[in-house]
Amino acid sequence: MAKGYWCLQLHAHLPFVRHPEYPDFLEEDWLYEAISETYIPLLIVFENFLKDGVDFRLTMTITPSLANMLSDSMLQSRYYNKLNKLIELSEKELWRTQNTEFAPAAEMYETKLKAIRHLWHSYHGNILNAFKKFQDLGKIEIITCCATHGFLPLTGNDSAIKAQIRAAVKDYERHFGRRPRGIWLAECAYRPGVDEFLKEEGIRFFFLESHGILYGTPRPKYGIFAPVYCPSGVAAFSRDIETAHQVWSAESGYPGDPAYREFYRDLGYDLDYDYVKPYLHDDGVRRNISIKYHRITGKVGLTEKAPYIPRDAVNKAAEHAGNFVFNRERQIEYLRDALEKEPLVISMYDAELFGHWWFEGPDFINFLFRKIAFDQNTFKPVTPIEYLDMFPKHQVITPSASSWGDKGYYEVWLNNTNDWIYKHLHKAESRMEELAKKFPDAQGILARALNQMARELMLAQSSDWAFIMTTRTMVEYAEKRTRQHVINFISLYDQINENRIDESFLSGLEYKNNIFPNMDYKIFL
Amino acid sequence: MAENPSSKIKGCVSEVVNIDTTGLPSTYNDTKIVILPRDPVWLFVYWEVPKAKIEELKNACGSDFDAARLTVRVYDITDISFTGDNANRTFDVSVNPNSENWYINVGEHNRVWCADIGYIVAGGKFISVARSNPIAMPRQGVSAITDEQWGLLKLEFDKLFKLTGGNLSSAELVALMRARWEQITNLSLPSSRGALPSSSLSSMALPAQNREHPQSQHKNKNFWLKADTEIIIYGATEPDAELSVQGKHVPLSKDGSFTLRFYLKDGEHSYPIEATSSCKTMQKKITFVVKRETK
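Residue numbers (the numbering used here), protein chains in the order written: chain A, 1 to 525; chain B, 1 to 295.
Please keep in mind that the hints were generated in silico from the structure rather than gathered at the bench.
Ideal placement from N, C-alpha and C gives every residue a C-beta, glycine not left out.
Please note that a few of the clues may not be correct.
Derived BS3-like pairs: lysine-lysine, alpha-carbon spacing no greater than 25 Å straight-line [said to hold, decoys possible]:
id, chain 1, residue 1, chain 2, residue 2
1, B, K51, A, K427
2, B, K32, A, K437
3, A, K112, A, K305
4, A, K170, A, K522
5, A, K427, B, K32
6, A, K522, A, K162
7, A, K316, A, K51
8, B, K53, A, K427
9, A, K299, B, K248
10, A, K162, B, K53
11, A, K427, A, K512
12, B, K254, A, K407
13, A, K371, A, K51
14, A, K114, A, K133
15, A, K3, A, K393
16, A, K438, B, K295
17, B, K226, A, K341
18, A, K3, A, K371
19, B, K248, B, K285
20, A, K221, B, K226
21, A, K299, B, K53
22, A, K480, A, K512
23, A, K3, B, K226
Derived list of chain A stretches under chain B, where covered just means 3 residues or more per stretch with a C-beta under 8 Å from a C-beta of chain B [unchecked claim]:
id, region
24, 144-157
25, 404-412
26, 417-424
27, 480-489
All chains should be built: construct the whole structure from the sequences, respecting the hints.
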């Protein structure tokens, strides 16, 4: 009998970035890198669990915007071309690095990239189907997220909040063949009452930052080590601080180990220009190309980094997985005694941490679930639904408004770099509701225009843009995206009101900003 | 009706940010005010007062409007059905006549607010132009942490609270809570366990390893007693000072405070605390000697 339970939640998300109007677009790399470094490496780990009979459980958000990109044929074929080019380079690299200290790293890349292509082939380029397979097998629980990662507590009206959730639920059904049972609120941003809208869509649980529950009313009896029910009856699960730190902390977290791969030393800068140029973007500017031959080494400059030794890094990942399991056993034993009930420890991370930032992250997960399955009996990994089915009785509290951003509230998305967006977003939100009410049964081109308005509004609402404005990197792109979607929205609004819908303009937007092919503006009613 | 300090500063970030809003309307010609919560004490307010509306007011008020000041009036409407004149508390924030938004510190936790945009005209009369949505601020919730597991946390929070004058925002507490976990994992654990650095050990591993082995304890679970001791050392100095405890460097929080938790075993233990000023010319030292005896 397990003394307690552990839930791993990975949040996989990227904003909708898709530019058919350009043959080559820099920001699309976010998706291509995440596919090669995180999504497929995780799937390979899952496939091997299955082959080796390792029981595992994890919960994973695949946000609607990410799902729309992963299922988009244009992005799929662009990714495939990128991957093939990278494989071509990795083959050349085998020869160039022969008999050098970089040979093991070069061999590792060539092998890994080919395994990635193999998996890509076996799902015919749509890896959503791979995730769906593991969900159907009961190994992972895929949850949804606000349709375009809209930051709900700063949204202007209820109709727009409902629409973010309804569009998400509908899109989830399209990809996964059933309704979602859980949701990740974008940025973990919650305010009391949001759970009512989740309830309406049949969603049973969501996640919160630790203080969302710790500061709840009344006081949570079991702290963050048991879920609570919101007044609506939707369950809220919150983050364990300790496991967050073991992985996230810049100082003491695992990913900073000297044996691990150094993210910032990239071949895109190291190789001879003429040799690497075919693998750069069309503008020929040196950038990261995702092949990196150095390890973190220690607190030394980028030029002082030592060669990466894949075998050492994998061993380190195994050691860290062992340490993580040991600590969970102690933590859960301790909590079991202190709480006098089976605790639930919830570790939640951005999925892209595993593989993209922490290159060995998927190896860590691989060792982790094997050790949990075979080396201990103290705790069991579960999904939130499994836990709720086992323990249906929980305290009812109203969680506190919170987010997982810096300082724990909304400041990252509301400060002097981005506060200007809310005036425009709120106006668009109220205009969307106004037109939905005015045309509750639109047909033909009017319905198309209203649906596209809904898409433009939702794309403008992505919390990613406000976040990027705060971080002050790639700001121009984020500002441009916000502006452009608001401007598109206003143009359509004016055209509809003046009864002069420009079909070629509309078709252009439908082609470019094609998120949610089944969009129905009536979700704003 | 006290003047709110937030009228003196706009938000906390003073860096100038250039924002490109090309192509966006500068106004929607609405007459409105909207408030958004930023954290448990700061509100963001934006408004639109069209020129036509100002003209209308000028005509209605005549010369009384000459020196009119654009003002946000903030109402505490906690637990009431607000009718316009029954607020629990009201305060005014004078805003720049050309501004369209402002950050306001409400100075109190766990209250519900709404705001009017308007003008204070000759004679001090407030003319409201528009009223905002109500907003319940995110909870500031230290007192919620009371169950057994978090008892220690609460103790430390209380101390941190006193150290900083008792008016920490919830956001700062979250930051402190995080900093505290880092300090604990970095400093309070024995470094001899296993090949890993002490910082990667669970803080929960500490009590466990100092008790009996978990398995043997499991067998005679019918009746048992466990007790152990830890010591918390806390204090504050100049934020830019260098601090060491038992000869080891201790990072200070932004406000110069620090808190450490050690396992306390039997025997007499000395905890010398030394602070050195940033110019290295001044030093202060306090030493605690603590004795534990188990009978």
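Exercise for the section: Given the hint that K427 of chain A pairs with K512 of chain A, test it: the Cα-Cα distance must not exceed 25 Å. Expected result: 23 Å, holds
Hint check: K114 of chain A vs K133 of chain A, CA-CA at most 25 Å. Holds or violated?
22 Å, holds
Holds or violated: are the alpha carbons of K51 of chain B and K427 of chain A at most 25 Å from each other? It holds: about 19 Å lies between the C-alpha atoms, which stays within 25 Å.
Checklist entry - Does K437 of chain A lie within 25 Å of K32 of chain B when you go C-alpha to C-alpha? => result Holds, at roughly 22 Å.
**Coverage criterion applied to the region 417-424 of chain A (partner chain B; beta-carbon cut 8 Å; 3 residues)** = That given contact holds, which follows from 6 residues of the region 417-424 of chain A lying within Cβ reach (below 8 Å) of chain B.
Check whether the Cα positions of K522 of chain A and K162 of chain A lie no farther apart than 25 Å. Holds - the C-alpha atoms of K162 of chain A and K522 of chain A are around 11 Å apart, at most 25 Å.
Checking one constraint from the list: CA of K438 of chain A to CA of K295 of chain B, max 25 Å. Satisfied? 80 Å, violated
**Asked** Does the structure keep K162 of chain A and K53 of chain B at a Cα separation of 25 Å or less?
**Response** 34 Å, violated
Q. Given the proposed pairing of K3 of chain A with K371 of chain A, does the C-alpha separation stay at or below 25 Å?
A. It holds: about 17 Å lies between the C-alpha atoms, which stays within 25 Å.
Check: Do the alpha carbons of K316 of chain A and K51 of chain A lie within 25 Å of each other, as the hint requires?
Finding: Measuring from Cα to Cα gives roughly 24 Å; hence the hint holds.
> Under the criterion that the straight-line Cα-Cα distance not exceed 25 Å, is the pair K170 of chain A, K522 of chain A satisfied?
Replying inline: 12 Å, holds
**Prompt:** Regarding the pair K226 of chain B and K341 of chain A, is the alpha-carbon distance no greater than 25 Å?
**Reply:** 18 Å, holds
Violation of the numbered hints given earlier is confined to hints 10, 16 and 21; the remaining hints are satisfied by the structure.
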